[in-house]
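Enquirer: Given the coordinates of chain A, assemble chain B onto it according to the supplied hints.
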Amino acid sequence: MSESVALAPMSKAWQRHTLRQKMARTALWLVIAIAVMLSLRSINVIWEFLWDAPEQMMDMGRRMWPPDMAYYPKTVHAALMETFHIATLGTLFSMVFALPLSILAAHNITPHKGLNLFAKTMLVSSRSVNSLVWALLFVAVFGPGPLAGAVAIAFRSIGFVGKLLGEALEEVHFGAIEALKAAGATQTSQILYGYWPAVKPAFWSIMLLRWDINIRESSVLGLVGAGGLGMVMNAAIDTFQWNRVAVILLTIFAVVVIGEVVVTFFRRRLI
Amino acid sequence: MAVVLSIKGLTKSYKPGVPVLKGIDLDFEERGLTAIIGSSGTGKSTLIRIINRLVDPSDGSILFKGLELSSIEGRHLREARRRIGMVFQEYNLVERLSVMENLLTGRLGYVSPMNAWRRKFPPEDVAHALELLDVIGLADFAHQRADSLSGGQRQRVGIARALMQRPEILLADEPTSSLDPKTSVEIMDLLKSQGVNNGIPVVVNIHDVELARRFADRIVGMTGGRVVFDGPPDQLSDDHLKLIYGGEGWLQ
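Residue numbers (this note's numbering), protein chains in the order written: chain A, 1 to 271; chain B, 1001 to 1252.
One chain only, chain A, in its complex shape (with noise of 0.2 Å):
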């Protein structure tokens, strides 16, 4: 008797993997492994030029240094302004798109499958596609310049807001609507008096994110002709000024950290 409890404890040692996990865990672990070198194969490096790559590196900066601060106020400013714009813009348009196509997404607003699945579509196409690529079609329908900027910016970033607000929406306790329906409010007055109060904290922190990212993406834009900081910095490469490229990349870190500042502050106000 006294035995069979002595020895319980032995036969039921504990293991974090069963002998079929440890199996799973290696086998994965092999398959990573494999995949790294197949990889890196196939992207057919240049040893010559990686080794050559610290060098260039410091001659490139060499180049840089000291950057041309004359040319910020000359040029710089007007396109830092114009990046601020098609972000600022591209960010209010997408809200335009995504508030509804959010409560069309949300199956607990719209209760209808194939509604949600129009709605969804809508989304994961303006997500599917990066700001880039949006802005390099919009270049070719508008003609170069801030306009496809502010265009492209916003059709990316619908899907983002759409996503995450839709989530926001679904995630609404349902006890509060369940109140307002018993009431006889009507599906618009559930909507402004219900989901919205409960979702507006999310809907401003996501704004903000999305300006935030926005004004990153905006000052890549003008790499395909979309206006803003991208423009003067592909004209600063391709004739090679270096130290105007260093001017203007000091400046993107500069908004980014500034505009990570802001939203910061905002967010904490607003949740």
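The hints are simulated quantities; they were obtained by calculation from the structure and are not laboratory data.
Think of the CB as a built atom: it goes at the ideal place given N, C-alpha and C, for glycine as much as any other residue.
Check the hints yourself; a few may be wrong.
Said to hold, decoys possible - Just a sample of chain B residues kept apart from chain A, beta carbon distances all over 10 Å, derived:
(1) V1094
(2) A1116
(3) G1151
(4) H1240
(5) W1250
What the hints assert, rightly or not - Using 27 Å as the maximum straight-line C-alpha spacing, the simulated DSSO-like pairs for lysine-lysine come out as follows:
(6) K1242(B) / K1008(B)
(7) K1065(B) / K1242(B)
(8) K200(A) / K1182(B)
(9) K113(A) / K200(A)
(10) K113(A) / K1192(B)
(11) K1008(B) / K1065(B)
Unchecked claim - Distance windows between CB atoms, simulated:
(12) S1040(B) / K12(A): 34 to 42 Å
(13) K1008(B) / G114(A): 33 to 41 Å
(14) L19(A) / K1022(B): 46 to 54 Å
(15) L117(A) / R1213(B): 52 to 60 Å
(16) L117(A) / A1139(B): 44 to 52 Å
Expert: For chain B alone, coordinates are given in the frame of chain A:
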């Protein structure tokens, strides 16, 4: 007394073949507090939610002042719901809105969404809300956010919101289940007195038998989706309670 609400042959199955309500017949007269008691899962909540169609019935009739509620949809359903006040176990307030705004949501069935959004409610609604805030003893809380209130305060707001509708019947689904004993008594007291003052019937789901006995004019006992007791509180015996809840150990 005239019958306000008449339920006949009401059944409900969420899953086919598994009825939760198995043929309920109940009449509610124009005043008095009715307490529906029964163990959890016996269909009390379903029954009360079917009255204002938060849950759709499978079969049967719900006649409310000559209006058949079981089959109406859309605008007619919304207009019927305006006349039925409801109080919830978890209060179901809009947490991030002020107490005043929560009270005014009781008028959403009457005010257009656009005016409601701009907080343009008729002056008489605002006056009514201020009056009700006095009645529930929260006159100083009009501007406080609902999520800053205690449970008892929230439930008072929930009751005031329902009264904002100037309802012709008041339903309450386990209004005291999340509250301490003292607050529960205060909430039942408020429901009872508001029913009397407004001359409307009050129907309360409750699982506290003592509270039901103390405040109800009539007790309906349910078990297994059927009504097994229907009468004044003084006729509710231990035998009835055994029938309603099963077992007897808990009665000692």
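Enquirer: State for each hint whether it applies.
Expert: Here is how each hint holds up against the structure:
{"no.": "1", "hint": "V1094", "in the structure": "violated (5 Å)"}
{"no.": "2", "hint": "A1116", "in the structure": "violated (6 Å)"}
{"no.": "3", "hint": "G1151", "in the structure": "holds (14 Å)"}
{"no.": "4", "hint": "H1240", "in the structure": "holds (31 Å)"}
{"no.": "5", "hint": "W1250", "in the structure": "holds (30 Å)"}
{"no.": "6", "hint": "K1242(B) / K1008(B)", "in the structure": "holds (26 Å)"}
{"no.": "7", "hint": "K1065(B) / K1242(B)", "in the structure": "violated (35 Å)"}
{"no.": "8", "hint": "K200(A) / K1182(B)", "in the structure": "violated (36 Å)"}
{"no.": "9", "hint": "K113(A) / K200(A)", "in the structure": "holds (25 Å)"}
{"no.": "10", "hint": "K113(A) / K1192(B)", "in the structure": "violated (44 Å)"}
{"no.": "11", "hint": "K1008(B) / K1065(B)", "in the structure": "holds (14 Å)"}
{"no.": "12", "hint": "S1040(B) / K12(A): 34 to 42 Å", "in the structure": "holds (37 Å)"}
{"no.": "13", "hint": "K1008(B) / G114(A): 33 to 41 Å", "in the structure": "holds (38 Å)"}
{"no.": "14", "hint": "L19(A) / K1022(B): 46 to 54 Å", "in the structure": "holds (53 Å)"}
{"no.": "15", "hint": "L117(A) / R1213(B): 52 to 60 Å", "in the structure": "holds (54 Å)"}
{"no.": "16", "hint": "L117(A) / A1139(B): 44 to 52 Å", "in the structure": "holds (50 Å)"}
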